[in-house]
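Enquirer: Can you build the whole structure from these sequences, using the hints too?
Residue numbers (this note's numbering): 29 to 195.
No lab work stands behind these hints: they were computed from the structure. It is possible that part of the hints are untrue.
As the list claims (entries may be wrong) - Calculated lysine to aspartate or glutamate pairs in the DMTMM-like style (CA-CA distance at most 25 Å, straight line):
id, residue 1, residue 2
1, K38, D68
2, K32, D136
3, K50, D85
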Amino acid sequence: MSSKKILVAKILTAHGVRGFVKLRTFLEEPADIEGYTPCDQKGHGYKITLKNPVKGDWVASIDGITDRNDAEKLRGFELFIDRDQLPETDDGEIYIEDLVGLTCIDKDGNKLGEIIDFQNFGAGDLIEIRPATGGKTYYLPMVEPYVGEFDLEKGTILIEPAEEFMA
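Expert: Below, the structure written as structure tokens:
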């Protein structure tokens, strides 16, 4: 049985004429991608070798891709691994992906919504919350005082939303 798929990289564009690509990794250590064979959404696996960093991303080679035309066909591909391939976390640490699906509660235990996604637009991690009352989703920064303790066993996370984020 396969576990949840985790997004670990995105192929941004072709780079040069020898089939290299510009790659964005979402792993804490970008070089870790070389130890996996991430798959696209159709299940095709890619063996990746990082070459050099470029403005926060990486130039990489992909086994079997030897010219720009082939590399260009991969533009925009998202690459995934199974969640159970990731190493175990240390005590007190989690993978941010594990927060998706948690019920957001306030300090009194009232249900405020559910985490449906997460983003990082450059200023830090944000969680996207679908309000329990319906309506438009909103983002909260993953920092105190907005986000507090979580309990994976109960499936809850304590949040303190501010009006400016819910508008």
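Enquirer: Run every hint past the structure and note whether it holds.
Expert: Okay, the hints, checked on the actual structure:
no.: 1; hint: K38 to D68; in the structure: holds (9 Å)
no.: 2; hint: K32 to D136; in the structure: violated (32 Å)
no.: 3; hint: K50 to D85; in the structure: holds (7 Å)
In this structure, the one hint that does not hold is number 2.
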